[in-house]
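> Model the full assembly from the supplied sequences, consistent with the hints where possible.
For the protein sequence lines, the chains are A, B, C and D, in the order given.
Position one of the first sequence corresponds to residue 1 (the numbering used here), numbered consecutively onward.
Position one of the second sequence corresponds to residue 352 (the numbering used here), numbered consecutively onward.
Position one of the third sequence corresponds to residue 703 (the numbering used here), numbered consecutively onward.
Position one of the fourth sequence corresponds to residue 916 (the numbering used here), numbered consecutively onward.
Here are the computed lysine-lysine pairs in the PhoX-like style, where the Cα-Cα straight-line distance is at most 25 Å:
(1) A:K220 <-> D:K935
(2) A:K31 <-> B:K653
(3) A:K220 <-> B:K597
(4) A:K31 <-> D:K935
(5) B:K571 <-> A:K220
(6) C:K722 <-> B:K571
Just a sample of chain B residues kept apart from chain C, beta carbon distances all over 10 Å, derived:
(7) Y400
(8) R413
(9) A462
(10) A491
(11) G552
(12) D579
(13) L616
(14) P617
(15) R620
(16) K651
(17) K653
(18) G654
(19) T656
(20) D682
(21) A683
(22) G701
It is worth saying that the hints were derived from the structure and are not from the lab.
By construction, the Cβ of each residue, glycine as well, lies at the ideal position given by its N, Cα and C atoms.
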Amino acid sequence: MGAAWSRPRASNATENTSVKKLINAPENVVKEALAGMADAHPDLIKVHYDPDVIVRADAPVRGKVGVISGGGSGHEPMHGGFVGRGMLDAACPGAVFTSPVPDQMLAATKAVDGGKGVLHIVKNYTGDIMNFEMAAELAAAEGIVVASVVTNDDVAVENSTWTAGRRGVGVTVLLEKIVGAAAEAGADLASVQALAEKVNGAGRSMGMALTACTVPHAGKPGFDLPEDEMEVGVGIHGEPGRRRVKLAGASAIAAMLAAPILEDLPFKRGDSVLTFVNGMGGTPLIELYLMYNELNQILKGKGITISRRLIGNYITSLDMAGCSFTLLRLDAELTKFWDAPVLTPALRWGL
Amino acid sequence: MGAAWSRPRASNATENTSVKKLINAPENVVKEALAGMADAHPDLIKVHYDPDVIVRADAPVRGKVGVISGGGSGHEPMHGGFVGRGMLDAACPGAVFTSPVPDQMLAATKAVDGGKGVLHIVKNYTGDIMNFEMAAELAAAEGIVVASVVTNDDVAVENSTWTAGRRGVGVTVLLEKIVGAAAEAGADLASVQALAEKVNGAGRSMGMALTACTVPHAGKPGFDLPEDEMEVGVGIHGEPGRRRVKLAGASAIAAMLAAPILEDLPFKRGDSVLTFVNGMGGTPLIELYLMYNELNQILKGKGITISRRLIGNYITSLDMAGCSFTLLRLDAELTKFWDAPVLTPALRWGL
Amino acid sequence: MQITAEHVIKFIETVAARIKDQRDYLTQLDSAIGDADHGVNLDRGFSTVVGKLTSVADKDVGSILKTVGSTLVSTVGGASGPLYGTAFLRAGMATADRFELGPDDVVVALEAALEGIQSRGKSTRGEKTMIDAIGPGVDALKAALGTGDDFVTALRTSLAACEAGMKATIPMLATKGRASYLGERSIGHQDPGATSAHLMARALLDVVEGLQP
Amino acid sequence: MQITAEHVIKFIETVAARIKDQRDYLTQLDSAIGDADHGVNLDRGFSTVVGKLTSVADKDVGSILKTVGSTLVSTVGGASGPLYGTAFLRAGMATADRFELGPDDVVVALEAALEGIQSRGKSTRGEKTMIDAIGPGVDALKAALGTGDDFVTALRTSLAACEAGMKATIPMLATKGRASYLGERSIGHQDPGATSAHLMARALLDVVEGLQP
Ligand SMILES: Nc1ncnc2c1ncn2[C@@H]1O[C@H](COP(=O)(O)OP(=O)(O)O)[C@@H](O)[C@H]1O
Ligand SMILES: Nc1ncnc2c1ncn2[C@@H]1O[C@H](COP(=O)(O)OP(=O)(O)O)[C@@H](O)[C@H]1O
Ligand SMILES: [Mg+2]
Ligand SMILES: [Mg+2]
Ligand SMILES: [Mg+2]
Ligand SMILES: [Mg+2]
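Printed below as a string of structure tokens:
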């Protein structure tokens, strides 16, 4: 892996003078943020450049299944913020909203292989699937055992036959935590993979946007959203959603997000769930707690018990204002691994 | 204190159909977010309504100095997110951007008084000062010993003689953590107050905004900021800053924020500091890490060592895009209390 | 001409109604040089006050004003809550046990209110605050009554002085409150608190005028 | 007419230059039905490719194309990285050790590329992707050469078919890639990948035309 990266100060990279972001040149955003992360969390992570990989400081952990993930940047803290004890062993950050390249996943896989194989956590997007697939082929060629799980929890994608399939969104965060805990506890690759499939199967998500986000190099919002409208069923890449509707109150929005999730699994009376109310990056925490309150009331009305919760900006879309709900049906095993200690830049408890 | 609050579903409160926020009626935002917080963190906090107070779940802790703070809402997670073991015993959330009323601070003071007195952490704003002052008078009348510290770390306010004095901003968060740890460790009121003054004296902050924020009931941004301009020296209440300048790159912005901070204390070669890179609520984490990287380079160039850091949206201005830098000069005592365990909704380590 | 407790209640109700009416205007003024909440703050406070008036309808003027003051303190928040709250509390202390006030009693109450605001806010005239409207208004009322004007005429003179004071805040540089952070940029905007104070002065005149035969 | 390794390098350079030129246009197309990165992705990849061309200038066509492919795989990312990367890798395998290609060799290489994209992307024609431009272009080239057309004429026919295929993506409903999430709303927009494929087809024609006496 490459040496520490330093900004080409005298490059022809243009200084930011046009887009309302705290950046220098758009092409340097990811590297500069990585440099910041590396310096901020030397006890937790190491950052390697070209190919860019964020690796747990003590990787590889011998005798432990390695767990890696990756995807385009712009979703912070996912995935880099989840690298550390009890969660990911490595993360591969692509360019903004662009799947990373196989070289990154190959480097990560080699860096975290502790002899028990490596699990690739892949969100279901055409680019991510293909790039991870190529990396897995290359890793296999080098003799590393790789298993994969593809998350596809987004109920906004109604018809999987006529699409690239459901997108992987909020469940990915919960899965990385739970599966990371199992790997930390010593589970073997087959068990870790099976647990990952179980989590993916037990969770569903749905998101909405009040505003479009602005990709640094594009310089303007991905779509125009009039002052009195919102997008329902958005993903996390600034793409428009399934439908555009008139702006509504929090209570109505919560109902729009919760209903398709609850129907899809389906969740039923007596279920115990982890609720994840996620902000898209530009939504203040006060609104997320308010939305959590709405979701809580909906679930109470259905006899579903919230026994764990996560509220905050964890899987984001740059500066998009909006939120998503994720519900994960819990059992004793998932609860135990959710509660297990975790020590990463973005999620930390018990340590 | 009042009973649990439930939303007046059939009130004449109007549903949100005009402002790009996840809210119902503007007048219910604070209560509904509090209800969400209460349900989300029953192990850490209790919420009382009318007057609204967020209290540590196990308050009052006998034989411990109580530490409370408060201010307008819209700065989440501050202060409510900092209530819990090792930090605040209670927080008083006012209406959005409006200092809380004395009834709240009085109720909080009584709820957390464990017999060793109560420290009021007040940010220097005319309204906060006056409301806390009235509360302290009322508490004294009830026989509770109250001490106060006023934070005023904002170097953007250049001339304290011709203003209401420097505003309390980023240092408040660090102070609540450090002082909370000292109180948890058993320090008496005089020591806790002296430590608070010491922290306030050793820290300086400066902020900037790329966009204005929108107060829910106002429905539109507090000021107009053209596409190619930014405000330097903003506070945290959506008020315009000291000056408006052309949009610049992250590197130039970091220099604009760091220079007045470094000169003011002054910080000097060999100093060990805690750097706090704070988002204003609408700034994604990737940009904050990028700004941290810029600050890191500036400090390296000056021979100042970053030995602790906090990066994220902690003292916010609703949905404002922008950031602030806070530098706190550390010594062994401050470092020890910063590192001490903390268990609150928004800050957590060692537990 | 005597002001009864009933008239005081009528005055408070008028203030409450006009603040509700002018809520967005006051907030808008505060958005230019403050934090966009002055109208909302006062409306929240005075709406609560109105709900309490029936319970004190048979009380003396002092009790009514003290109830208004403590309700404002408990519900408004921000800078204006303690300031207007203290003002009404002090006016209430100055009129304790009184069921009727003469014009001179009103001056005494207003002077107590002004003094309360100044000591709570540690402010003087010329700092671009509500005091710049209230101060001249109270002075003018006292002076006009001193020259023998009848109450309504004196209140008219007072309102004019209050309005002039309010307008005089426009070119002022703020040195107290939030607006002071703007430095030179505070110049050119009318102070929200001076504007709400003027609204109260007009309400007083209108109520008293309504009492004329 | 024979295509030499030197011509292949000229073709790649032309593609790289035009992608840089059309970067914002491609990204803009992707912003309508994707995630606003297609132009930036390809420009990042082809800029890197250009930097590597001198090191393979004396190699056979197959090695050149394989270097292009593996560089694209390593630098583009997203969906188009593995797809165009695989395309050039497969074309490289089909032209291994060759220093000159005749028109029929070009067809064989292009068919291998198309087949590589389809197997990597698990896609067929009519799903609103780059295949809808490449497929008709390759078919037309083969057919035209089959009827005895000279290479340049056949490439012109091929480019026209490619362009028609690109335009045909406009009314299509996307069922592969990101655009598929939009459902009906994907209709009415031209596919970014089909557009970049058409750009490459035009570059091929222009380079070959430039070789004409
Ligand atoms: N120290 C002070 N003395 C007198 N009046 C003040 C003082 N500080 C602020 N004010 C008045 O308060 C008004 C602002 O009230 P408000 O917006 O409700 O509170 P805040 O500034 O806390 O948001 C100002 O327009 C000014 O007239
Ligand atoms: N499964 C697929 N098969 C063939 N081409 C595809 C497939 N999925 C996407 N594409 C092509 O890739 C293009 C998008 O490329 P790009 O924007 O670089 O990647 P991403 O969609 O990952 O952001 C689409 O316009 C389409 O032509
Ligand atoms: Mg992409
Ligand atoms: Mg205020
Ligand atoms: Mg105000
Ligand atoms: Mg794309």
